[in-house]
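Participant: Chains as they are written, first to last, in full-length UniProt numbering: chain D, 1 to 458; chain F, 1 to 458; chain S, 1 to 517; chain U, 1 to 517.
Bear in mind the hints are in silico, worked out from the structure with no lab data behind them. Keep in mind it's a predicted model, so treat the numbers as computed, not measured. A virtual CB, placed ideally from N, CA and C, is assigned to each residue, including glycine. Treat each hint with caution, since some may be false.
Said to hold, decoys possible - According to the in silico footprint, chain D covers these stretches of chain U (three or more CB under 8 Å from chain D):
id	stretch
1	44-52
2	76-87
3	104-115
4	210-219
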Amino acid sequence: MPDYMPHTDEEIASMVAFLGLDSIEQLFDAIPKALQVAGGLSLPQGMPEPDVMASMKTFAKMNKAGADQLICFAGAGAYDHEIPTVVRTLGGRGEFVTAYTPYQPEVAQGVLQAIFEFQTMVSRISGLPVANASLYDGSAAVTEAVNLAVAASKNETVYLSSGVHPHWRSVVKTFARGTGHNIVEVPLNNGVSDFDAVKDAGPPGVIVVGHPTYLGTLEDLADVRSRCDEAGALMVVAADPVATGVLRSAGSWGADVVVGEGQAFGTSLGFGGPYLGLFACTMDQVRRLPGRLVGETVDEEGRRAYVTTLRAREQDIRREKATSNVCTNQTLMAVVAAIQLGWLGTQGLREIAERSVRSTRYLLEGVTKIDGVEPLLPGVATVRDVAITTPLKADLVLERLAEEGFLGGLALSALTDEGDGSVEPNLREHAILMSATEKRTKDEIDQFVTALTKAVVK
Amino acid sequence: MPDYMPHTDEEIASMVAFLGLDSIEQLFDAIPKALQVAGGLSLPQGMPEPDVMASMKTFAKMNKAGADQLICFAGAGAYDHEIPTVVRTLGGRGEFVTAYTPYQPEVAQGVLQAIFEFQTMVSRISGLPVANASLYDGSAAVTEAVNLAVAASKNETVYLSSGVHPHWRSVVKTFARGTGHNIVEVPLNNGVSDFDAVKDAGPPGVIVVGHPTYLGTLEDLADVRSRCDEAGALMVVAADPVATGVLRSAGSWGADVVVGEGQAFGTSLGFGGPYLGLFACTMDQVRRLPGRLVGETVDEEGRRAYVTTLRAREQDIRREKATSNVCTNQTLMAVVAAIQLGWLGTQGLREIAERSVRSTRYLLEGVTKIDGVEPLLPGVATVRDVAITTPLKADLVLERLAEEGFLGGLALSALTDEGDGSVEPNLREHAILMSATEKRTKDEIDQFVTALTKAVVK
Amino acid sequence: MSEGMIEETHKSAAGGRASSAPLLGDDREPTLFEFSVPGRTAYQLRTNEIPAIDITELLPVEHLRSEPVELADVSERDLVAHFTRLSHRQFAVDLGAYPLGSCTMKYNPKICDEVAGLPGLADVHPGTPAALVQGWLALMLETEHVLCEVTGMAAATLQPAAGAAGELTGLLLMGAYHEARGEKRTRVIIPDSAHGTNPASVTLGGFEVTTLPTDERGLVDLEALKAALDGDVAGIMLTNPNTLGLFEEDIKEIAEAVHEVGGLLYYDGANLNAILGVIRPGDMGFDIVHMNLHKTFATPHGGGGPGAGPVAVSERLVPFLPGPKPVQHDDGTFGWMSPEHSIGRVHAWHGNTLVLARALTYLKIHGGDGLRRVAERAVLNANWLRVRLAEHYPAAYDKTCMHEVVVSAGAMKRKTGVKGLDVAKRLLEEGFHSPTVYFPLIVEEALMFEPTETESLQTLEALADALDRIALEAESDPDALHAAPRTTPVRRVDEARAARMLIPTQDARDEALGLST
Amino acid sequence: MSEGMIEETHKSAAGGRASSAPLLGDDREPTLFEFSVPGRTAYQLRTNEIPAIDITELLPVEHLRSEPVELADVSERDLVAHFTRLSHRQFAVDLGAYPLGSCTMKYNPKICDEVAGLPGLADVHPGTPAALVQGWLALMLETEHVLCEVTGMAAATLQPAAGAAGELTGLLLMGAYHEARGEKRTRVIIPDSAHGTNPASVTLGGFEVTTLPTDERGLVDLEALKAALDGDVAGIMLTNPNTLGLFEEDIKEIAEAVHEVGGLLYYDGANLNAILGVIRPGDMGFDIVHMNLHKTFATPHGGGGPGAGPVAVSERLVPFLPGPKPVQHDDGTFGWMSPEHSIGRVHAWHGNTLVLARALTYLKIHGGDGLRRVAERAVLNANWLRVRLAEHYPAAYDKTCMHEVVVSAGAMKRKTGVKGLDVAKRLLEEGFHSPTVYFPLIVEEALMFEPTETESLQTLEALADALDRIALEAESDPDALHAAPRTTPVRRVDEARAARMLIPTQDARDEALGLST
Ligand SMILES: Cc1ncc(COP(=O)(O)O)c(C=O)c1O
Ligand SMILES: Cc1ncc(COP(=O)(O)O)c(C=O)c1O
């Protein structure tokens, strides 16, 4: 009977007696007997920790995809960056890990200050003055951004660029079932949103673009801004925060809301979660901000202190009129991001960004020397990710690469739905989206090129 | 140039200027130029953390001896016990790990109180009223015990039973080169110290026995006590602290000093260190206690507080007249032991002791069914460890077992020197010392027996 | 901004002084930016030997930034000191009891941290082909099965990242279900005691909220419910036990009445801890259940997240579940599939998968028997506390509660002027986290205690003793209570000022101080 | 015992109150035993299915205990809370600057913790045959090589578990060397500024101590040395820079003089940090060097240990080194060997091997270039502090120091009555750990600061500012200094009482309180 409950039999007896009862079961008398579980749940008996650890390790071993087995050339919104011991150690401290939402600021200054620092970092990266304390992931952040923007523009027509990550677009569309927003997908043309293709869709209340797009290409943000101005729409940019280490911030191009995925800052790949939704906006929109916001204030003695603020936006106060329903967010990942960005510092962020650009370019140059391997978008500059086409079907190529110890990227056929406006239908089955972070070495890339050379032979 | 130093170039320049110097090198002007290292140390340049981690992992991979590769049936003073995540997590907290010796008790109550708790636990396990804050390992503890006992009895003749761990005996003998103690090794007869064999050696000032002996056998401690009384000698017992989970404490048999190896309490096998020397003694000897001792006291406001005490014994005060030269000890391992023993509790300590006895017995019964495999000491009850003999040389058998995924124990030929009084010379080459802790399962032992059956075939 | 209350501090690095360590008094901790010295670095990256081509040769110059993003430039040493000191300014389950009602702040087993860091789980890219992640798929499927058994449902999605995400997912499923039947239903009923996420989710799910009053028993007013039910009703959202900690005894009738009009029942699983192995939402008649793994199944709350909010549903809703979902093929291998009428994705990848791994670890350790013990002891602890506190803190509804108890400081306030909030703040000085205050909204000066099953009788005794002391102090020295807490790193903070004079970043602070460049 | 000062506390469990968390004031933390409730458990062991035969059937009854060893019986939850709270009552490098002279409390890189836990290193049994531990042997041999290069010696033993163990090992080597040459030398010379372990080790090594005075330069008195040297002298023990932080400029002459009479030179490596890559003990003429890896090479000190004290020696002492030692065979494989005239083992196994792994990690990250930078910046920091403090805290010897500086509060004491100890205690309130006080013994009211290279200029500034404030306070309000520290979890403790009324265990406490059964 392993568990974490302290009660001894004598204590249980004394507590039951204190309540004037004969047995614990009586505590459940309000529950109709007929509905109660008879004979216990159909689950195995409890097992002691070491046995369970062994079975969890069995799952881990069934995967053939850990860093020891596959060298990672996959990106697509989830990146294999260096996470040093120091960041894992600090982020793993029990005080951060086992705290609740900072409802009592007097005993939660640790998390609150860390979030204040996180907000500052996100604000600087996005180029906008205010950032929240996190959302679930990039897809949730872009969804919330759409909601904010529609509320602000009072126009439900959403131009959603196909350059936004395909999964994020799916999520936006799923939630639009509830909000009823009119989602207009804007196809890409040579890696850039082709707004002309949707000119019949009516004026937008919001335009959402990726920058870089999920294919790594760069949008013309000045053009997006002027289109927004024309329509009275808000400009939402889903921006990769590492790419911002070299790119002008979306805020500097006039974005009203900048969202992104913060996993790259200290959070492990973890098969996709928990990740970190980043959200920043202009001061104009701060009262529509979804989620928590930490602000500086003072305590009774005039000491600097932090507290969650503008709470009147939130669901627990505004209920059905709240700007968002989010409650639990990804605070721990935000604290970790603050630590990781503290570790990187000004130079480090620039360096991982530059290295990622260089590695990905070196990779592209290497693989496109292979017969039949071409860039999906020849001549288009990319950041973070880049797509290629191969003579064989992408999933076969990836399978062969895995045998050689490489996660070669993502097949666009798996990532996108048929008819996705971001990729030519005839190339989709043959396209692979790849990325190389600062962790990839010249040796690894050279070996990968060798492996790919073999893998594309029919 | 990766390192952990904060100095920017400007800061260095300003600091050098503040000192009125032209360069950092001038700080070393007192050092004769001719003696200074020219051209730097002949060492590779520094490498960034991830590169170094990779090279340390290469060492780890060169070993074929981790828990993933070999199921451990080795003991001999280093045991494969369960160490739960919770103990590793708490023991790994930075406040414990990166503190110095508690010289300023006002800001060291954490470590001091943990040690107070550790001392209490060791005292209860040993059956003696006072225990110190740790020594390096079991061998250091027994060496210090000999020094204490000789100082107390004023008789330099040390009866050192061959039942004491062979390496510990070596260490005692090494340090006796300095102290000049007269070490008389007492052979074992059927697993018990044969004092008659040394009756010409003159009366002892101290008798040191193992209980259990390193072969797992049990001494007649009542007899040892009466021999000590007769000679005015002190009785030192090297006792395994886990075995004490089932055995009467050495203190209850009248030992003056009880020492042992505490690795079993939360410290990883770690190729032999850092481990944890345990040391407990009677109140009569407390002013001869080596190492640190924490005592309860009060602060200026009458609050309970802890502090290192009886410091006048220690080297920093008594210098050449100190009871011992020990300074840095194994505090972190002692803190970890307090945590692990807190996790085990009364029942848990008994259970790992009983399970270890049962597993080792089940193992012995299994292997001695194999043709040609015999107990080294037939019919003698053992705790913790047990020795067997095989038809082939022990190291060959162990080599074969390793190929099947087992660390089958230790060859007595490797553990002991030739002519060791604890084992019949003609059996020494064929003897293996084995142990099974609470971690070993029936399945593992059954599989081991199968592997051994094959391994002993010529 | 002229309000001169911003505390002036050096902009330059404040040095290695453990200035915030409460070990050494309650001093301030500078922000990381205030430690920054341009040019100082901590990061160390792998040697990669890729030619360091100038970035301007690789990307169009108009897209490039001229200045790097300015972050804090600190040494690893200062980074460690800063965040270690911040951690000392943070209460947590690891430090003491956290009886925050509705939040189920139980002990988070440390083994789960290790599982969440296992190589082979933690370092897997979410886009890896299914053939290479058989372990992850098996883990997820087992988690789904266990959660379905615990809730009595047919299938589940593991995608929602927290409870509120689960709620919205559930409401979209509700909508899709009705739509598939050609019905457009517009209203969702929720009790007035409901958590704020419920009404907010209802709105985002495309429905209108109909609020239901609580009756004098503290339960759903059955008559009011029946009156509210009609063909426009898409469903009802309940948590059972409800947020007063009381079991909705009429659940069978409620379910029948809602189903009668074609509505669905949604179970907010925040209070699932109370009924584990005792009764299952499915058996009560619920169609949709979200769970908060970060409450019931002990995954740590991380100071506000991450969570995981899987949604389990009855047979008829299975075809609408989000996809892709893990599935086991006939040959025993695992893969992905999307349900026939899937509403689509609700997460960028597969959900908060490492949180799932933690929860499954917890579930396996407890097993069917252990989960039942969890419920029993959680309820036992809450009731012991209810009775023990009755003298000074009467329960809002005086009867057997489930895993939590809502007491009222209303009488205390009228008599002494001491409010529930004062009690909550004063309790911090006693070494306990506060209970939930002012929720549910329908109880005057509500204090909601949820001790959870991992707290000992001795802890409950100490908590009750502290609360008794506070009650006596309310009579003898109410001002001391208004002034509480006094021993915490900061004292009561000025929340109004924070909102009025918003300083959400270091830059806003510097600007307010006139420090910005 | 009638001295009624033992604080009475409940023997029963004190509950989940974060009673010690300084976060919530400076309250007491009960001992683990005071949380104990018989029958409560935390442990969980692997299912092993071995028949649970009664232990009395397996072992002779007369050897068995009738009652189990009584330990504290607590839940995992309370265990975590207790030790987390204890950790909040502990200062550490991770919290702030720790300028404890002679101790080199530099930042301990976190990566080393991970290395020390690596599977394949941490889980290896020390008795594993050499063929299976080639990685460990290679790691050890590389460590030996690096340490020899750093010290300029021929070979090293890695067995000694700490500095003092290294000293004693070195002295035994000294003895064995002379003995092998048929000489019985009886005396070892040490300066009066030496660390206490030196004389203690000399005695245990079988020698007599001859103490050498320090001259007005703060250095070895060369004339006195020469006078002390004769054919009885086995050797001299020095640390250079010495414990005053000053480089022994005459080292060449000292070495020659000692060698002249056939003696050996022992280098106490505690101060090696100052000279890394600048000068090597071997090049100065030393024959034996111990290193404190837990000082110079940043392995964490663990609140008092573990350490590692490898001893490196010159060619002529190699045959005497402890064994077995790792060795590389001609075929490239690794094994063990014992030197021809080995003094034998000085450790139960191979030394504090996981500490070696940490140190090697540190050494590889720094490399030859980094080690030199370490020395430069350690010395730069110490000198900056020396000059900056000079006004109120004059250095005992006013000249360029190495990695540490000894200042004297002697003048302050005479003028204001404020002692060095008061300054040290008051500094704790400022968020810094105290310097080493009253060592070396030859300096009046000594305060020995060793900032180390990992502290920033800003930290040094903050430290100096705090010390200046204290100096002014000594004039204006000396009583405040006598009363310091006031903000720490406890205030000055009664050390005399601890020794007079010894309470080394919970049982002694209970007995003193009359609580024992
Ligand atoms: C009753 C209730 N419902 C729903 C939620 C929302 O869950 P989450 O915070 O995981 O989004 C909570 C959490 O506080 C809750 O207490
Ligand atoms: C100068 C000096 N020598 C020797 C030692 C002893 O080293 P250890 O504590 O590792 O035994 C120390 C440690 O404080 C020291 O400072």
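Participant: Mind checking, does the stretch 104-115 of chain U have 3 or more residues with a CB under 8 Å from chain D?
Facilitator: holds (count 5)
Participant: Confirm or reject the coverage of the stretch 76-87 of chain U by chain D under the rule of 3 or more residues with a beta carbon closer than 8 Å to the chain's beta carbons.
Facilitator: With 5 residues close enough to chain D, the hint holds.
Participant: Can you tell me if the stretch 210-219 of chain U counts as covered by chain D, using C-beta to C-beta distances under 8 Å and a minimum of three residues?
Facilitator: violated (count 0)
Participant: Holds or violated: the stretch 44-52 of chain U covered by chain D, criterion of 3 or more residues with Cβ-Cβ distance under 8 Å?
Facilitator: holds (count 4)
Of the numbered hints stated above, the single one contradicted by the structure is hint 4.
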